[in-house]
Structure formats: structure tokens, C-alpha cells
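Kindly produce the complete structure, drawing on both the sequences and the hints.
Chains as they are written, first to last, in numbering that gives the first Met the number 0: chain A, 0 to 262; chain B, 0 to 299.
Calculated directly from the structure, the hints in this document are not laboratory data. A few of these clues could be false.
[Unchecked claim] List time: in silico DSS-like cross-link candidates among lysine-lysine, alpha-carbon distance up to 30 angstroms:
no.	chain 1	residue 1	chain 2	residue 2
1	A	Lys200	A	Lys216
2	B	Lys151	A	Lys200
3	A	Lys216	B	Lys151
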Amino acid sequence: MRTRPLLAGAAAFVLLAGGIAYAQPPSGIVRPTSESTRSPLELGAQLFAGNCASCHGSDAAGVTSPPQPGAGDIQGQGPSLRGVGALAADFYLRTGYMPLANAHEQPTRRRVLLTSAERRALVAYIASLSPGPGIPRPHPERGSVSEGMQLFTQHCAGCHQVVAQGGVVSGARVPPLTRVSAVEIAEAVRIGPYVMPTFSKRAISDDELDSIIAYVKSTQRPEDRGGWGIGHVGPVPEGMVAWLIAGIALVIACAIIGTRLRG
Amino acid sequence: MVPSGSASPRSEVVVTLLLLAGAACAIAFIVIYAIDGLAHQTQLLGLAIGLSLGFIAAALIVTSRRLVVTEEIAEEYPEPEHPDERDAIVEVVHESGDRLTRKRLLGTAAGAAGGALGLALLAPAASLGPALETSSLYRTPWLRGRRLVDDKGRPLRADDIEASNFYTAYPEGADPGQMSAPVVVVRLAPAQLELPPERSGWAPEGLLAYSKVCTHAGCAISLYRSPLFEPVQPGPALVCPCHYSTFNPASGGAVVFGPAGRPLPQLPLAIDGRRELRAAGNFSGPVGPSWWGVRKGRPT
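Pasting the structure below:
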């Protein structure tokens, strides 16, 4: 047996097989058959049963601790969704936080695998379980950016950084707010997802929330006065240009100038 | 005299052109500066002045290499004529004079410099802390019965404190700028509390108050970790943004992470007849960063 063609063949096979395996779209969502014929509530119930019930319980009452273990006797997986309303369901599904693969890890923004119709159906289903808050309709154009900056600095900047670039807290990452929409901000403030505190209307009124959203939106498109933003990397670019580009150029120039004439 | 070098009209032309280019770029800078509302004005300004300096530098380089004539001449040192006389004079110089030889002078000066430097390096020890006068550090504006107010002076009501949120409060009538003034108020479920036995009454209805000043380096604690679903998420914690000292409010402010060396001082709370929050005493420990002997006193 000649080894080189054999190795080449094995490598080609591995690459092809890997390519074929990855060529399928990642599904991750369990869908009922004949979606189009179902009413939204029925579709929502089916999607819930297939994707959410293992952590949130088949009746959405949560899987918290004995005597209610979840599928496979999992304990302490997901909170009850009764009474959370369309507000929380819409937030978690719109951002891709849910479905969550591992209940112990922090939810992060990921690609939403549900279609819009499926998402709306799930939200309607969860909202129908028990009365809860609806999806908010913020009006950032009515808010004031300067007031929003003061409120954001007071309530939010400790964790999210003063221009919403995010950071850390012991035990959690604090996401940057560079790509969030106004509705998501309004929802997150009222929910307090993961380890974020909750701000009720008494703490931050709807008008104040409009101002905060206006401010966060303004940080997403900052005016780069007088210079290149360079991706808003921070104070790095000036130093980088000075040390790595100008410094090296100057040293090379000195070397060229100082070269002695030979002969 | 240095013989004149060969004429180099080409280099002269190059130098002239470079200098004129530098002048043109400098004038371009002035023009760009004067035009209002030019797009990318900052970048063009930088380019103009940078090129101007670059051209002038190039002109100087060409001048020094091509137009300035240099000559290297080597001349040997002459042989000494009377080596014996020279040695005798050197010896006289060495032995001459007084007690203050050069060696002794230099040695004394070096000793003075080293000693003074050593003293200078030790001097900052005087700033290590108020080793002698520490009673002022224990004083706080809190006393039994003092109401908690927010930053606008409105009293804090127990029913306004919602779970999963955190509030900052100050003593009524006192200077809010004092380090021992601000407190953080949070509400936890009473069943979650694990306070030390002597503080069992310090948290009515699960309301807790802690000093807002971190016991590590004095930053304001402005982060609150408040889990939505406790069984799988990290528990509630007050976190300082400077070095991430993390304090557990359920267990009396104990340090669970970070460089803080003392637990966060807790303020006992009481709810009065009008459901407003009042302090029921002073802090459980001194407020702010630690000092030598900090655990020996109590806040007053």
C-alpha cells in the first residue's frame, strides 16, 4: 500500500465528512409538524412543550427544588413563568437568551433560531398563562439625552460603564449595550435578567426610562469629533500609533541618517 | 583650511525643492485651518504639518550628506619630552596640601548624599496613617433614631424599598459628603438572612443597610448582584467597581471575594410608626479603608 495516497485519501474523507456534517443548518429548536395550520396559542404551547418544559416545567410552574424535579430528575433548573407576561417572554426570546443550553451558565445574546411567527406564538402562550406585564412601548424621542446620562450614571454605569461598553461583576459578565434596541432596554430594566437588579416604575419612571434609552442610543452612534473613531477601541490607538508606527519610523530614519559613508 | 568640496548643483536643487515643498505644506496648513467646515479637517491638518516637517527634515539630511564638506584629519599626540620631571610634579601634587585630600572630600560628600537619601526614603513612613490620632476616624454621623433620607432629602419609606433593587441613603441633617454617611439599602427575604446572632434584630422585614464605602480602598459600592433565579445563579452581593471586593449582604457584609480585609459595616435599621426607616444604632464596625489598630475601637 502506498502511504501518501492513503493519507491524502483519509484527509480528504475527514474534511468532506466534517464539511457535510456542518453543512446542515443547526436546528436546536423542536418544532411541531404542520405549523401553519395551528393557531398561535396552540403553536406556542407545542413549542413550549418541546423546547422549554424541560427546565420550566410542563405547566410553566418552574423546576426549582424538591419535590419537583425536572426531566431526568434535574433539580433547580428554571423559574416559574406564570405571571411574567409578554414582557419577559419577548425579551428572552428576542435576544436569544432562551432556550438556554445549561441552566447554570449566564444567558448570552445569540442567534435567534425561532422564526418571528414562532416567537410571537410563544410569547402569546406564556402571556396567556397568567396576567402579567405586556411588551413595553418606549418613546426615546421624547426623552432627554442629558437627563438620560445623569440617570444612567446613577443607576446603570456602575456595571455597564458610563458609555455602556459593559464590564464585569463578580460571577457574571455585564454585556455592552452597543447593539440593543429600545424595546430590549425597556424590557431588561423592568426584568433585571440574570444578576441585574430590577428597576420598577417607582425607581425609574417611564419618562426617565425614555431618557435613559435616548442616552444609550446616543452612545451607540457617538460623534467622533475631530478624529477617526478607529472602532472606539479607546485610548489605545494614540499610544499604538506613537510607539509602534512613529517610534519605529523614527528609529529607522535615524539609522539611515547615521549610516557612515564607507570607503 | 578645509579644501572646498566639489560643486554639487543637483543636490542644491533637490534641497531647494524640498524646502519649498515644506513651505508649501506649511502654507497648506494655514489654508486648511482657515476653511470652516472642511471634511476631515483634522486629518488634513495633521497631514499638512507632518509633511512640512518631513520635507524640511529631508532637506536637512540631504544638506548634511551632500552639501556640507567634512574632512577627517588625524594628528598624533607628541611624545613627552621630560618624563622624569613630569613624574616628579605629579607626585608633588598628590602629596600636597591639607587633610582635605580629594579622596576624603569625595568620600564625605558621598556619605552625606547616601545618608540624606536614606532619610528621604524613610520619610514617607510618616504618612502611613494616623498611628497616634485615630479617634476621629471612628466618628460617624449616625445615631439611634436618625432617619434615612435619599440624595434629595426625602425620607426613605420601608414600603418603597423593593426587592431586587438597591438604594443609596444618607443620615438626615448631616453632611452627605462624609465618608461614613452614605449607606446602601437592600431588601432580602427574611428566610435568606444568616446574620450573626447579635444582629438578629438589625434587619426588620429583611431590610438591610450597609456602608457604601468599601473597606478596601474607599470606593463607593455601586454594583449590586441580584439573581433572578437563585438556585442556578450567584447569590446577592454588593460589589465594589474598583477592585471587585464582593460582600454578601445576607451574612452581615462578609467578604466573599476581592481584596477587602474587613466585612462591610452594617447599620441596624428600625421601621418607625410612619413606616419610615431609621437607624437603630451605629455601624457594626469602622467605615472605610482599614488602618493600624482598626479593630480595636468601635464607631461612635
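> Does Lys200 of chain A pair with Lys216 of chain A here, judged by a C-alpha cut-off of 30 angstroms?
Replying inline: This hinted pair holds, its Cα atoms lying about 21 angstroms apart.
> Straight-line Cα separation of Lys216 of chain A and Lys151 of chain B no greater than 30 angstroms?
Replying inline: 28 angstroms, holds
> Under the criterion that the straight-line Cα-Cα distance not exceed 30 angstroms, is the pair Lys151 of chain B, Lys200 of chain A satisfied?
Replying inline: 18 angstroms, holds
Of the numbered hints given earlier, the model fails none.
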